[in-house]
Structures are given as C-alpha cells and as structure tokens.
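Novice: Based on the provided sequences and hints, a complete structural model is requested.
Number of protein chains: 2
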Amino acid sequence: MEKLQNDLLLRAARGEQTERIPVWMMRQAGRILPEYRAVREKAGSFIQLATNPELAAEVTIQPVDILGVDAAIIFSDILVIPEAMGLPYIMEERVGPIFPNIIQSMADVEKLRIADPEHDLKYVLDAIKIVKKELSGRVPLIGFAGAPFTLLCYMIEGRGSKTFSKAKKALYTDPVLSHALLQKITDSTILYLKAQIAAGANLVQIFDSWAGILSPEQYRIYSLPYITQICDAITEVPVTVFAKGAFFAREEMGKLNCEVIGLDWNMDVAESRKLIGGNKTLQGNLDPCVLYGSFDEIRNQTKIMIDAFGKQRYIANLGHGVYPDTNPDNVRCFIDAVKEFGSR
Amino acid sequence: MEKLQNDLLLRAARGEQTERIPVWMMRQAGRILPEYRAVREKAGSFIQLATNPELAAEVTIQPVDILGVDAAIIFSDILVIPEAMGLPYIMEERVGPIFPNIIQSMADVEKLRIADPEHDLKYVLDAIKIVKKELSGRVPLIGFAGAPFTLLCYMIEGRGSKTFSKAKKALYTDPVLSHALLQKITDSTILYLKAQIAAGANLVQIFDSWAGILSPEQYRIYSLPYITQICDAITEVPVTVFAKGAFFAREEMGKLNCEVIGLDWNMDVAESRKLIGGNKTLQGNLDPCVLYGSFDEIRNQTKIMIDAFGKQRYIANLGHGVYPDTNPDNVRCFIDAVKEFGSR
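As given, the protein sequences belong to chains A and B, one line each in that order. Each position in the first sequence, counted from 1, maps to that position plus 31 in the working numbering. Each position in the second sequence, counted from 1, maps to that position plus 31 in the working numbering.
Among the clues, some could well be false.
In this list, chains with the same sequence are indistinguishable; a pair is considered to hold if it fits within one copy or across any two.
As the list claims (entries may be wrong) - Listed next, the in silico DMTMM-like pairs over lysine to aspartate or glutamate satisfying Cα-Cα at most 25 Å (straight line):
| no. | residue 1 | residue 2 |
| --- | --- | --- |
| 1 | Lys-193 | Asp-108 |
| 2 | Lys-334 | Asp-205 |
| 3 | Lys-34 | Glu-302 |
| 4 | Lys-153 | Glu-302 |
| 5 | Lys-342 | Glu-72 |
Since the hints were made in silico from the structure, they are not lab data. This one's a predicted model, so the numbers in the text were calculated from it and none came from an experiment.
Specialist: Structural data, given as structure tokens:
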C-alpha cells in the first residue's frame, strides 16, 4: 500500500487522531494563482487545459508547492460526465458552461450512454496518474464528481441559472424522465469515481452544488437517493459529500455511508455537528469573502472557525470555492493560520 | 378609517381569526399576465412603466381582477431607493439592473442623499393613490421596500451577481463605510415606507432578497440591526419581513417588531414555526416550480402546504416570486386551491 508522507487529510476523514487540522481549499487548482494563469494561457482554453493530462497535472500540483495545502485535488470539471454520456459542453468566457444539446425527452435520455471512464475520460485518469507520480506521496490526491441532481440541472437547463427553473420544471412535470436520467448519471458517476480511485485518488468528493434550490421534500426524492447509491458503492477510499445550501438535509446527511460532510458558511457549526452526529468528519466552512480582508481579519476568523469545529474529525476548508480575484498572499495567510491554530 | 370588503390579509397578519386563508403571490404584478405584457409594451420599458403612475396602477390591479388574489402589491422595484438617494440604475433586457455609478469610497456614501419620497418617489406615491381609488376597498394594498443589506449589494456590486463577492468584500474590508451606507439606506427606507402608508398602503413588506449569501454572524451585524430599525419605526400598519435564504436567522426573526415572517421553500414549516414562535403570522412558501406541474400536482402540493401551516396566523404565498413563464391558468389553479382547502 502507498505510503504518504502527509496523510492528515485521510486520517481526519477516517476519524483518527491527528496532530494538526488538515487544510485545503475547494477550487484551489485554477482560479487564483498567477502560475495557473500562465499554464492556462499556454493551453489556450479551459477545456484544452482540462483535457491535457500533463498541463492538468501541473496546475493540480501548484497549490501543494505554492500554498502548502495538505491535499491536491485533480484539476477537472463536474461537467465531464455529461460529456462522456454524449452531451458535450462548451465553456464560454464570462458566461460559463453551455450545452448545445439538452435533454428534453425520454428519447434523449435513452440516447445517452453510461460513461466508459477508461475510454471517454482517459484524459482525467492519465492526469491523475501523472499527479500521483509527481507528488510521490507528499500529500493525498482528491478525486471528485458532481452529484447526479446537480448534473441533471445542467443537462436539462443547458447552462448556469439562478433558479434552474427549467430543470426543476422537469422534476414536477416528468418524474419518470427525471429518475431515468438521474439513474444513468449515477451509474456513470460510480464507474468514474472507481476509475479515479484505481488511477490513484485517495479520497473522492461529491459536489451537489445546486442542492440549495430544492425543497426538503424534493431533495429527499431527487438527490439523496442517488448520493446514497454512490456512497454505498464507493468502499475503497473515504468519501466527502458537499451539498451547498442543503441545510435542511443535514440530519439525513449524517446517515449517509460516507466519511466526511462539507458545510457551507451559512451553516452554524455547533448546530451542524448536532444534526449530523459525531460519526462524521466535518469539512469547511469559512466564507470565501473573508479572504478579501486584512491578515488580522483572516487570522481572527480562522481562529473563530477552528474554535467552533474543534481539532478532531475536522478538515479546514472554505465554505465554497475560493473566488477568482483572491490575493494568493491572503490565501497563504489562511492556510498558515490553520496550521498555527490547528495544532494540538 | 377605511373599510375594506376583504381584509383577510390584514386580519391574518394581526393574528386575528379568519374564515379563510388569504392568498397572494410575490411578483404577481408583472411577469406572468398577457394583460401585463400589453401595458408594458405600451409603456416602452420597465422603468417607463414603473415611473408612470397610471400604468403602474393598472398592472397593480390586474391580478386582483384576473387571478382573484386577496391583496394587491404596488408595481415597483426595490431599486427606486438607491435611485432616489442619487444612484440611478438602468434595466437591461436579459441582464437585469445595472448601476452606471457605484459606491466605492466614503466620499461616495457622503454624496448620497436621504431619499425625499414626496419629491424623488412621487410617482410611486401617486400610483398608490390611484390604486387605492380604483380598488375602492376591494382588497388591501401592499407596499414594499428592499432591506438595507440587499440594496447595499446592488449599490456596491453595481449589478446582479451569484455571489455578490464585491459587495461582501466591502463588509470585511470596510465595515465603517458599510455601516454608514446601511444607515443612510435605512433612514431613506423608513421615510419611503411611511410615505407609502400615508398614500394608502395597508401593509408593507421588506424584501431581503440576498440574505442567503451572508454567514449567520454577518447577518447579525449587517442586516438584522437595520431591519430591526425599520420594524421599530413602522407602527402604522402590519409589517412583513421576507429574508430569502436566512434560515439561520429564524429565531431572531421571531423577535422582530413585525407581524409577519415570509418563508422560502427551503424552510421546513414545522421547524420554522418552532424557531419563529407563535406570535408571528407566517407567509409562504410553495416552490414556484410547482406551478409548472399539472393541476392535480398543484392542488396536491397546495394541500400539503396548508396542512403543514394550518389555517390561522397564515398567509398563503409562493416561497419566492412567481417565475415569468408560468401559465396564468396554473396560477389560478393555485389561488383557487388555497381558497378551497383554506376555508374553515
């Protein structure tokens, strides 16, 4: 078995004692570092970068070297799964992802294939292998995928949206189509995460980015059962579930067959711990906007966060991805503050 | 004192017994009715319509005649306050509001004036007077304003945003400027709501549309104190506070000096009732997407909602504004279902 020099993340995830709180940041690869922008420039576009294993590996490792985080997360996008199922997307500058074709009928769902990761997503798996080799055990590597409901949102809506009302309309008007689509995404996602693990991912995270647009009842019908299937299927490595905005589902989250639950910054820590229970590691949840503040403010807010979470069964992170215009020096201040205040 | 033929909304707001649950919908004026679109066409633009008292009054009354709702809400926009303070906005088709000038420094805040409603917002007050005359007591008229924090978001960010990270950055980097701006907005808003009431508004609602982007701690610092000031100042008519996404502040909401708390569809009804307490009327909270469903589904979900809220201290509504592409027949189905299931 692989020997990691720094396995804080994995021990914290499994609920083992750690001498220090591990820390990493959602969206740490890409977005903020000038070194990332240089590679992105070289690649041409976001998608050209994400599909180039050498370059994707390079930007994956940058935050480990430059920021001192305790884990790498593979540089990729949750939308590679729809693409691998037969629904490609383009990434439009200043707009975000756009799907030229969307799911409108059961015939469209039937035309989708179950993703074959070794074939359709080989570029991600190759990037993971390169990262693992170049990291040579310094820190663990995190793999990830979007939650089925969040992917359904894009596949029906065709693009980002504040309300995803078109996608939600499908839930109310065509539950049969919705469940068929969710099941196909789930089957694809399980294969994909298992392939990431086989390629070397040490932990996988499921991002339910649009969980917060559902009512508690709909979340129970259209999202949780599919996340449950994924958690039950992944037994090889620890699993983290991060459902942004799903404050109403924290109690159910505590019953998932996973190791870590991510919190956003709206969620009170003590209340979340109570609802989720003591058998899960918690991850989060600094407001990304705190990193716009002074070093004093960043250190102060980080200390408040650590005091609220405690030092065991805890992985420090932001409550959402780091914002693109964050100063890397402020990010480093946050990482260093966790290391200082988070030691036993 | 004015005699209303249908005062269900006001009695429910004040916690008095009602023979039936009152119902209206956020954004009922504008957005969905073909009759509205015809007037909008005639006016030219959204702003030309909003600033034309005769036409604004006409679209305000349409839902009362056409949909049978138990209240009218004045057709206007929360952004008229920034405009009256000296920060005009334009409404760009398919983009939303844009402020050519934004608040960037304390000097910018100092340049803002406290709104003088009788002068700067005379067109709204005139519209209210026309509505009152034309309604001639059929149903109450609701006035409204944005919560100071939500208005700050637009005044600093300059446009809509998923994260309002620029506005939130100001909270962390310049609390003095933020509080000065919030106080000026609050002072303007109190004068504005009082002027609406003097012109004839029977209840006023405060919309904190972006409450959900704050952490519980920041909400306590930057939003609640200003909503509290407004609630304390408005003693003439019942006040409704609707803070979308502020699930974490429900307990504090229960202590506000107001009559009604609005809930969005993420908020569980029984839990909200427990957190807010029995001294407030609740308003909400059907997912607007339910109205995309079949009549059976709409009736079924409306019944579930009413069973959860009960028939007293309750005003039926959606959990957010009705979506523009909702079929008016489906809206009518919802209104009728409340009237059917909501009678004693």
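Novice: Work down the list of hints and note, for each, if the structure agrees.
Specialist: Here's how the hints hold up against the structure:
{"no.": "1", "hint": "Lys-193 with Asp-108", "verdict": "both (19 Å within a copy, 19 Å between copies)"}
{"no.": "2", "hint": "Lys-334 with Asp-205", "verdict": "between (48 Å within a copy, 21 Å between copies)"}
{"no.": "3", "hint": "Lys-34 with Glu-302", "verdict": "neither (36 Å within a copy, 47 Å between copies)"}
{"no.": "4", "hint": "Lys-153 with Glu-302", "verdict": "neither (42 Å within a copy, 47 Å between copies)"}
{"no.": "5", "hint": "Lys-342 with Glu-72", "verdict": "neither (40 Å within a copy, 61 Å between copies)"}
Consistency note: the structure conflicts with the earlier hints numbered 3, 4 and 5.
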